[in-house]
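Number of protein chains: 2
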Amino acid sequence: MGRLTGGDPSLLRRINSTVVLHALRGAHSPTLSHLVKVTGLSRPTVEGVVEGLIEAGLVAEAPAEEGAARRQGRPARRFRFRTEAGHLLGIEIGPHRVAGLLSDLAGRVIGSAQRPVLESASADERLERVRAVVAEVLRRTGVARGSLRAVGVGSPGIVEADGTVRLGTALPGWTGLPLGDRLRRSFRCPVLVENDANAAALAEHWKGAAADSDDVVFVLAGLSPGAGSLIGGRLHRGFGGAAGEIGALHLLGRGARPEKLLSTTGQPLHPLDEAQVARVFALARDGDARARDAVNRFIQRLVHDVAALVLALDPELVVVGGWAAGLNDVLDPLRAELDRYCLRPPRVELSLLGEAAVATGALRLALDHVEEQLFAVEGTATAHR
Amino acid sequence: MGRLTGGDPSLLRRINSTVVLHALRGAHSPTLSHLVKVTGLSRPTVEGVVEGLIEAGLVAEAPAEEGAARRQGRPARRFRFRTEAGHLLGIEIGPHRVAGLLSDLAGRVIGSAQRPVLESASADERLERVRAVVAEVLRRTGVARGSLRAVGVGSPGIVEADGTVRLGTALPGWTGLPLGDRLRRSFRCPVLVENDANAAALAEHWKGAAADSDDVVFVLAGLSPGAGSLIGGRLHRGFGGAAGEIGALHLLGRGARPEKLLSTTGQPLHPLDEAQVARVFALARDGDARARDAVNRFIQRLVHDVAALVLALDPELVVVGGWAAGLNDVLDPLRAELDRYCLRPPRVELSLLGEAAVATGALRLALDHVEEQLFAVEGTATAHR
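Sequences listed follow chains A and B, in order. Read left to right, the first sequence gives residues 1 to 385 (this note's numbering). Read left to right, the second sequence gives residues 386 to 770 (this note's numbering).
The shape of chain A in the complex, shown without the other chains (with noise of 0.2 angstroms):
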């Protein structure tokens, strides 16, 4: 159990905040009395923290409703949480390309960028990406640096807490790389890094195909595919950060590597060239009985990996996302083979967010930092939704 404190008054205060400023979230526009009844407070202690939300900045007045001066004296003051008070920045790094989304408090998109960039590149050629794609997201919707409240960032690999990634193989020098702190010196807020298929999960509950659900396994699917779970709505990471890598099942049986599971000659495809992947399944599609062994031997692989995870967690729902071409073709047998060997078969879906997944999922990692700052009161818990 947590720390209980008996009559706290500096505790009272941060939860009285807190409701007025969910209540004023909640609400369009609402009056001192309107937030008095919502929240049962009294109405000196509403007023008292109205006023210290506008003094921070967080909340304006909004203007009188239409018409309201026909009626019987002066309006009621009307108030609202000002989303415009500060921005959030989500980055996808990845093998090909940077990308950046930038919202208001309330998580609205307010503009987009993104480069490609080489998969050979360097960490620095990448991180120069990055600083060039933040800058013209910036530049494009006219938001201040300083305005930021907090940056995410979803990338490969097992990261550690303060952001530096402990393995990742995917991305040239990025194993051991201090992405948080290489980061940080462009920002002066905070930067939260994770890895990109826990990033996707959280973005396919927030506004993806995983929006009714509270316990999800998000597959990325790739020839060496990662996952992100959430349990109860929140993101399980595991002791290390490794949760979800379950990429190394294979190596503990004699199946093939990852890269020549796809290959209709043999040798081994390009682990990241998703070109090469989309004309696989495209030519099994069209009944070329190479490529169609192919396409079946890559989903063997993908069922096994998917079933190890929903043995292990039984979530509710599985969402694929990862490639946009094929996946389609993976859906159905996947259904199937989990119908016929879990005890309890999960809903298996697409990805709804499909190539924005990284980066919106690191917007949302941005606007749960700045809600649980902003709302958060010791011993309760800020929902990702």
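Be aware that a few hints might be false.
Negatives, chain B to chain A, calculated, CB over 12 angstroms [stated by the list, open to error]:
#1 Gln499
#2 Ser505
#3 Arg677
Just the calculated beta-carbon pair ranges, DEER-fashion [claimed, not checked]:
#4 A:Gly52 to B:Leu716: 54 to 62 angstroms
#5 A:Asn296 to B:Arg725: 22 to 30 angstroms
#6 A:Gln300 to B:Ser505: 46 to 54 angstroms
#7 B:Arg428 to A:Gly26: 35 to 43 angstroms
#8 B:Asp724 to A:Arg188: 36 to 44 angstroms
Everything labelled a hint here was simulated from the structure, so no lab data went into it. Keep in mind the model is a prediction, meaning the values are calculated, not measured. All residues carry an ideal CB built from backbone N, CA and C; glycine is no exception.
With chain A held as given, fit chain B onto it using these hints.
Then chain B, alone, in the frame of chain A:
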């Protein structure tokens, strides 16, 4: 975020009650002054709460300290939590035996009983055995049935929230059995039913090999292994209570049926014949080549199952329990393989509680339930220790 209330007086009373009870449990017969100091509450508040707890039978005045009479004036009143104010029962219903543990409200075991049961016994026969074990442990300890505050039960199978066994192939007549409802006829207190591996995980966390870790996978080794997981100190049951039921993973591959793994004759072993399993392990230790092959096959399978759990969940610690025999031979190969294939290998330890794990975990479930009633406050979580 949970519901927040501005100044709910009944919530405040509950918080205060909880704070005082915690302080009473944490100290040795504290005085009112000590409680005031520890809780930060006012003296009249503490006095009121303590009087309420005495009326509820949960607190009693403790004898004055030795030598107190020699000091000036009347000695300060001292109080204690009445751990004898109620009792808890933990029951294991297994294939070969039924076992019961009785404890006081502090979870201190004061009695136990167990009886063998035929693996082929019907559900009715097995429940009759449960009633006999309960009657025996109550008689031995002289505790009245009405003093029971909660009963926990651990048993194989996927268990629904209401205690119905959704799927339980290990025991005859178990699938579909409303186990919770059937047992509730014998008790006037709440009855909580849990999967056996889940219960064992709680037990090892409470007073076993996992006492120092909150992120644990407990593997109940067997021909078809089950597992229970703690994440952040809390049981992870999964969306449908099936988390950790990893046994089906091999059906996806072309592996041998579990019963054949440990066979030295080609004939399947009886799934639950532990004596036969122990003989195979003993033969292998004596250098019998076929037994060694069989044990190696078994270890490979177990390693694969545990690896799937570890890659999915990334626990700090894996505890292996279940069979008494042979497990020592499994530990080192398991460690070596996990070190090879897991990005962040967990520690691997042997169960400390052995055969007592399931009943001990069932007792912990009952204790958790009562502690939640006594101590939990809206928006706070109760730790498992």
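Structure-based check of each hint:
1. At the 12 angstroms boundary, the C-beta of B:Gln499 stays outside the reach of chain A, the nearest C-beta of that chain being 29 angstroms off.
2. Consistency note on B:Ser505: stated as away from chain A, and its beta-carbon is indeed over 12 angstroms from all of that chain's, at 23 angstroms minimum.
3. No Cβ of chain A comes within 12 angstroms of the Cβ of B:Arg677; the nearest lies about 20 angstroms off, and the non-interface call holds.
4. At about 59 angstroms, the beta-carbon gap between A:Gly52 and B:Leu716 stays in the expected band of 54 to 62 angstroms.
5. With their beta carbons about 29 angstroms apart, A:Asn296 and B:Arg725 fall inside the hinted range of 22 to 30 angstroms.
6. Hint check: A:Gln300 to B:Ser505, Cβ distance near 38 angstroms, so the stated range 46 to 54 angstroms is violated.
7. Between B:Arg428 and A:Gly26 the beta carbon distance is about 40 angstroms. The supplied range of 35 to 43 angstroms therefore holds.
8. Against the hinted window of 36 to 44 angstroms, the Cβ-Cβ separation of B:Asp724 and A:Arg188 comes to about 42 angstroms, which satisfies the hint.
The structure is inconsistent with hint 6 alone, although it conforms to all the rest.
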